[in-house]
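Starting from the given sequences, assemble the full structure and let the hints guide the process.
Position 7 of the sequence shown, counted from 1, bears residue number 292 in our numbering, the numbering being contiguous throughout.
Don't read these hints as lab results, they were simulated from the structure.
Idealized CB from N, CA, C, for every residue including glycine.
One or more hints might be untrue.
What the hints assert, rightly or not - Label pairs and their calculated CB-CB ranges:
(1) 325 with 304: 11 to 21 Å
(2) 296 with 317: 30 to 40 Å
(3) 307 with 333: 13 to 23 Å
As the list claims (entries may be wrong) - Here are the computed lysine-lysine pairs in the BS3-like style, where the Cα-Cα straight-line distance is at most 27 Å:
(4) 336 with 303
(5) 303 with 324
(6) 337 with 324
(7) 334 with 303
(8) 336 with 324
(9) 324 with 334
(10) 337 with 303
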Amino acid sequence: MPLSVESLTPDSSPEDIKAKRSESIAQCIREGREPDQCKAIVYNYIRDKTKKSNMNLGLSEAFGGKK
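Here is the structure:
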């Protein structure tokens with residue numbers, strides 16, 4: 286089943302990105318993957334689909350960086 290982050294675009298709002306991020310991580314975990322693996326998969330999709338870095342999205346803390 287496709288993750289909801291796959292529908293993101295470079296014009297997606299931060300609110301939409303965060304909502305789809307949460308939905309997608311939960312879905313990935315339900316599919317049997319480890320939480321850290323799911324975060325990595327979802328954040329890679331977000332970067333690819335929105336063309337923004339974790340820093341630009343305010344997501345660097347997910348990878349151990351400062352907020």
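Unmet hints by their number, sorted upward, for this structure: none
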